[in-house]
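Trainee: Using the sequences and the hints, build the whole thing.
If you read the protein sequences in the order shown, they are chains U and D.
Just so it is clear: in the first sequence, position 24 is 24 by the numbering used here, and no numbers are missing.
Just remember that the numbering used here sits 253 ahead of the position in the second sequence, which is counted from 1.
No lab work stands behind these hints: they were computed from the structure.
Warning: the hint list may mix true and false statements.
Unchecked claim - Distance condition first, Cα-Cα at most 20 angstroms in a straight line; then the derived DMTMM-like pairs of lysine to aspartate or glutamate: (1) D:489 with U:128; (2) D:489 with U:126; (3) D:489 with U:100; (4) D:489 with D:499.
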Amino acid sequence: MTGEPQGLVLRGLAVGYPRRGWRRRTPHTVLSGLFAHARPGELTVLLGPNGAGKSTLLRTLCGLQPPLAGWVCLDGADLRTMDRVRLARSLAVVLTERVDIALLTVRELVALGRHPYTPATGRLGEADGEVVARALETVGAGHLAGRRLSEISDGERQRVMIARALAQQPDLVLLDEPTAFLDVSGRAAIIALLGRLAREQGLTVVVSTHELNLALPVADVLWLIDRAGRLHVGTPDEMTRSGIVVRALELPT
Amino acid sequence: MTASAFPADRRRRRAVLAALAASVPAALLAATIAGSVSVPPADVLHVLTGGAASDPRWQVVIETVRLPRAVTAALAGAALATAGVQMQALFRNVLADPYVLGVSSGASLGVALLMLASGGAGGAFAAGLASFVDLVGLGRLGMVLAAALGAAAVLAFILVLARWVRSAVTLLLIGVMVGYLTTALVSVLLATADPRWAQQYIAWGLGSFGATPWPDLAVLAPVVGAGLAIALLSAKHLNALLLGEDYARTMGIRVRRVRLGTMLAASLLAGSVTAFCGPIGFLGLAVPHLARSALGTSDHRVLLPAAVLLGAAVALGCGAVAEVRALPLNAVTALLGAPVVVAVLVRGSRAGGAGGALR
Chain U
1 MTGEPQGLVL
11 RGLAVGYPRR
21 GWRRRTPHTV
31 LSGLFAHARP
41 GELTVLLGPN
51 GAGKSTLLRT
61 LCGLQPPLAG
71 WVCLDGADLR
81 TMDRVRLARS
91 LAVVLTERVD
101 IALLTVRELV
111 ALGRHPYTPA
121 TGRLGEADGE
131 VVARALETVG
141 AGHLAGRRLS
151 EISDGERQRV
161 MIARALAQQP
171 DLVLLDEPTA
181 FLDVSGRAAI
191 IALLGRLARE
201 QGLTVVVSTH
211 ELNLALPVAD
221 VLWLIDRAGR
231 LHVGTPDEMT
241 RSGIVVRALE
251 LPT
Chain D
254 MTASAFPADR
264 RRRRAVLAAL
274 AASVPAALLA
284 ATIAGSVSVP
294 PADVLHVLTG
304 GAASDPRWQV
314 VIETVRLPRA
324 VTAALAGAAL
334 ATAGVQMQAL
344 FRNVLADPYV
354 LGVSSGASLG
364 VALLMLASGG
374 AGGAFAAGLA
384 SFVDLVGLGR
394 LGMVLAAALG
404 AAAVLAFILV
414 LARWVRSAVT
424 LLLIGVMVGY
434 LTTALVSVLL
444 ATADPRWAQQ
454 YIAWGLGSFG
464 ATPWPDLAVL
474 APVVGAGLAI
484 ALLSAKHLNA
494 LLLGEDYART
504 MGIRVRRVRL
514 GTMLAASLLA
524 GSVTAFCGPI
534 GFLGLAVPHL
544 ARSALGTSDH
554 RVLLPAAVLL
564 GAAVALGCGA
574 VAEVRALPLN
584 AVTALLGAPV
594 VVAVLVRGSR
604 AGGAGGALR
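Mentor: Dropping the structure here:
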């Protein structure tokens with residue numbers, strides 16, 4: 001494995017929707033020719049205007065839809081050839097879908113992340129309980145463990161969803177717009193938390209967001225999709241100095 | 254600390270499960286005592302524990318009428334409640350129940366086709382069905398067979414669609430539409446049917462636990478047992494589905510396979526019960542909600558066993574009330590079930606949207 005690049009590697013990746021049914025003959029390509037590398041220990045922030053294909057890219061990266069062309073590799077292994085359980089133990093997600101199950105405690109929700117590790121009965125052992133507790137502590141939500149999901153705020157809920165992803169003990173965490181629906185301080189706290197997760201736990205963290213101002217100081221690498229569907233990769237410093245950020249996001253100058 | 258529940262939560266769950274486990278034999282006893290002829294409770298106890306009743310007539314009543322009826326009620330309640338939990342998990346919808354699959358309307362269609370055939374106005378298929386039914390003897394058994402075949406046919410159709418349709422909500426709506434379609438077909442068929450058969454159809458449609466003698470139970474019990482076993486073994490997967498299909502997939506679940514297996518088990522449970530007892534409403538819809546509120550959790554590892562027990566107890570209770578007051582069974586289940594469902598919806602919309610609150 002020494003020769004293989006660690007982390008998440010995109011090689012000539014094309015994402016979009018494959019032909020499905022009898023009417024759609026050609027696949028609908030959203031983004032193509034993508035090359036990028038998200039490294040362990042770094043926070044990679046995916047930026048782009050609405051409708052640029054951020055969600056489609058993230059769904060492809062986490063295996064929810066197949067690539068139209070090219071490869072997605074995690075620690076040198078092709079995502080498509082990895083078996084389900086290994087994939088679930090290497091990669092965890094926080095999706096935009098709002099999870100709202102009133103009659104479940106925070107601890108129970110986070111424990112759902114142990115699914116790839118528990119036996120067929122779903123029984124949680126001592127070690128699982130510790131992983132769950134640690135995940136909650138890591139996101140600063142240890143005190144919420146006994147609360148029901150209906151009793152916590154949106155910001156707390158987002159932390160808990162991140163803890164659920166951590167309970168899968170992944171190498172890579174992908175988050176789709178985790179700051180949507182939060183107030184300003186909540187957004188900043190979540191982005192800062194993600195930066196800490198990458199650096200302190202050595203995780204590969206890829207997050208999509210609109211929050212340019214919040215992401216710039218914390219991000220290690222930016223993946224920037226412009227209106228033309230091109231992916232620009234660089235550190236926040238490089239990208240702001242070269243003016244790519246402003247042009248790609250069509251910000252007022 | 255292990256597992257995912259606080260000790261207080263775990264104590265509550267154990268207490269609820271223990272109470273439910275105790276309530277089933279009590280309800281079974283009550284349902285065996287209840288009836289149009291009064292039998293002394295002491296005699297019921299004697300017969301249930303293997304002794305003899307003081308009067309041979311009571312012995313016959315208990316052994317051939319009361320006991321099969323009570324066992325049927327317990328099986329039907331457990332089956333419908335479990336199928337309800339499965340459907341609500343699969344469709345992530347508080348209003349899903351076994352019948353959204355079109356199982357009951359499929360069963361009705363089967364029975365209606367049989368009537369049409371016996372009326373002599375049917376096409377080739379109906380005639381074929383009729384001759385098959387003639388072979389095994391017309392009447393109740395024919396009705397049961399027709400109902401099971403109809404339920405299986407509608408289910409096969411939905412299962413085939415499930416291979417292409419990704420969204421559970423779309424599938425739910427297709428199930429509802431198939432239900433409307435078969436109901437319409439049944440009305441058309443009823444209009445042309447032999448009145449004798451129409452009467453029998455209506456009697457079946459009222460729903461009853463009292464029309465399953467021991468030989469019928471020998472069929473119903475193993476089928477329900479198999480369905481319950483599949484359901485209880487799938488608790489872990491149903492839990493992963495609480496978060497939605499995308500999350501489930503990223504946790505390593507084969508979503509289509511789980512969906513197929515769950516629908517198959519639910520249709521076994523609901524289809525067999527409908528065939529023998531007629532369509533019985535609200536048990537599959539209301540009991541899962543009652544079980545969730547009692548336990549205070551949506552964790553299927555405790556919810557499924559609780560629904561089995563509570564379903565059996567509630568069905569026994571409803572059956573006993575219907576028997577004592579000579580009411581139609583479906584009226585009793587609706588009187589109990591409809592307020593529960595309304596309460597669930599009201600509480601759900603207070604907590605922000607009817608969909609989310611009580612999954």
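Trainee: Determine for every hint whether it applies to the structure shown.
Mentor: Status of each hint after checking the structure:
1. With a C-alpha separation of about 15 angstroms, the suggested pairing of residue 489 (chain D) with residue 128 (chain U) holds against the 20 angstroms cut-off.
2. Restraint check for residue 489 (chain D) and residue 126 (chain U): satisfied, since their Cα atoms lie roughly 18 angstroms apart, inside the 20 angstroms limit.
3. A threshold of 20 angstroms between alpha carbons decides the hint, and for residue 489 (chain D) with residue 100 (chain U) the separation of about 19 angstroms falls inside it, so the pair holds.
4. For the hint linking residue 489 (chain D) to residue 499 (chain D), the alpha-carbon distance of about 16 angstroms falls within 20 angstroms, and the restraint holds.
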